[in-house]
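All residue numbers for the sequence shown refer to the working numbering, where the first residue is 199 and numbers rise by one.
Be a bit skeptical, because a hint or two may be false.
[To be verified] Here are the computed lysine-lysine pairs in the DSS-like style, where the Cα-Cα straight-line distance is at most 27 angstroms:
#1 K290 / K259
#2 K488 / K259
#3 K488 / K538
#4 K453 / K403
#5 K387 / K357
#6 K273 / K290
#7 K403 / K383
#8 K387 / K402
#9 K403 / K387
#10 K329 / K402
I should point out that these hints are in silico values taken from the structure, not numbers from a laboratory. Keep in mind the model is a prediction, meaning the values are calculated, not measured.
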Amino acid sequence: TLTGYPNGFVAWDEPFNHFADVCQWGLLEHANGVVCGAADGSVRVRRLLFDRGLPWQLDGKWMNIQTQAGSGQIKFDWVPFYGWPVPVVDGKVYDVRVDDSNDFQRLRLNYGVWDHIFLEHGWHYTRATPKNEFVFVHINFTSWRNHFDSSLGWRLGRKPEASDAFGSHALLLWADMCEPYNLSKRAAKICDGQYTNETGWDLKKELEEHLPRLPEPDGRLTTVLTARVVGNGNTTPYGPEPGMPSAVGQTFWAKECPVAGCPTPAPLPINSDCENSRLWSDAAGWPNGKVPGAWENVVIGVDECVVLDIDTPELYWVTVEGILEFSREHTTTLSLHAMKVWGRVMIGTYDNPLPAGVRAQIVLYGEEQDHTVI
Numbered sequence: 199t200l201t202g203y204p205n206g207f208v209a210w211d212e213p214f215n216h217f218a219d220v221c222q223w224g225l226l227e228h229a230n231g232v233v234c235g236a237a238d239g240s241v242r243v244r245r246l247l248f249d250r251g252l253p254w255q256l257d258g259k260w261m262n263i264q265t266q267a268g269s270g271q272i273k274f275d276w277v278p279f280y281g282w283p284v285p286v287v288d289g290k291v292y293d294v295r296v297d298d299s300n301d302f303q304r305l306r307l308n309y310g311v312w313d314h315i316f317l318e319h320g321w322h323y324t325r326a327t328p329k330n331e332f333v334f335v336h337i338n339f340t341s342w343r344n345h346f347d348s349s350l351g352w353r354l355g356r357k358p359e360a361s362d363a364f365g366s367h368a369l370l371l372w373a374d375m376c377e378p379y380n381l382s383k384r385a386a387k388i389c390d391g392q393y394t395n396e397t398g399w400d401l402k403k404e405l406e407e408h409l410p411r412l413p414e415p416d417g418r419l420t421t422v423l424t425a426r427v428v429g430n431g432n433t434t435p436y437g438p439e440p441g442m443p444s445a446v447g448q449t450f451w452a453k454e455c456p457v458a459g460c461p462t463p464a465p466l467p468i469n470s471d472c473e474n475s476r477l478w479s480d481a482a483g484w485p486n487g488k489v490p491g492a493w494e495n496v497v498i499g500v501d502e503c504v505v506l507d508i509d510t511p512e513l514y515w516v517t518v519e520g521i522l523e524f525s526r527e528h529t530t531t532l533s534l535h536a537m538k539v540w541g542r543v544m545i546g547t548y549d550n551p552l553p554a555g556v557r558a559q560i561v562l563y564g565e566e567q568d569h570t571v572i
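Using the sequences plus the hints, can you model the full thing?
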């Protein structure tokens, strides 16, 4: 009687829920609200809660929502949800992104409430019986990801479908951001805007080594949240299909390493020292016979010990598989975008610190809103 529909729903009005086939808005009796329903009572509106996000710096940000019906923003709810509660209509597709240049390393999605979905509600002619439901969620991200681990659901090599199990998911990288790279055929096949379950380490290596430097391709993670019901309410009670999770929720973790793990160099021998060291400034010690220049990648091999005796230009990646030791005779600065240390970086030792008057510093460059390195 409040909505004009059996089992109708009222939620606060958001343009992204202006689905003309099942919803109405701007009604006098529901100011600032949207009414969704159908004559047969088949429409469902649920609360999709995004919470437990990491990094915590994204708490308090707005979340952008886009659908075929429109767009809007959801404010972070500090109490009681500590997350983003989004009203969603069953059978629709929601495209989401936090309003910040950084992205989630972890995020949980909770679809509705278990008993609201799988149990009967109402009285007599308003009786609402459970039905199969689903929503698609696109979670947009900046900068390459290898894959996403999930608390449940299949990791697919294709676009998820409504018939897939709860939480089935896949990711893609935007082809237009891959085009400027001179990729091999193998890498280009992954970076073509098609869904996959893992983007691969070969592609990552080509993206990192490309000159000049370009923004890493952005992408999208798509998951389908399906709630399937069994039973008829008479001879057999309504309930979830066998295999459905006890809580209709899913958590994602962004991963840089492949499922099998990141390629790792041989371990550094325990008793490694720098008796056979070479100077960073010695051009003859580098593979191309030149001291590394601005925005180049640098690799110090597992069998190498390099002593930094000069100030470097602004490098890109520095990977230390062996030993990098800062000079004990000269003040030095290592300037770079990011560093991976598999071996050892030595800036003096506990028993033998740098002499007085000798300084060593590592300076990381980047804009405040640069892509997050995970």
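Task: Violated hints - listed by number, lowest first - done: Failing hints, ascending: 2 and 10.
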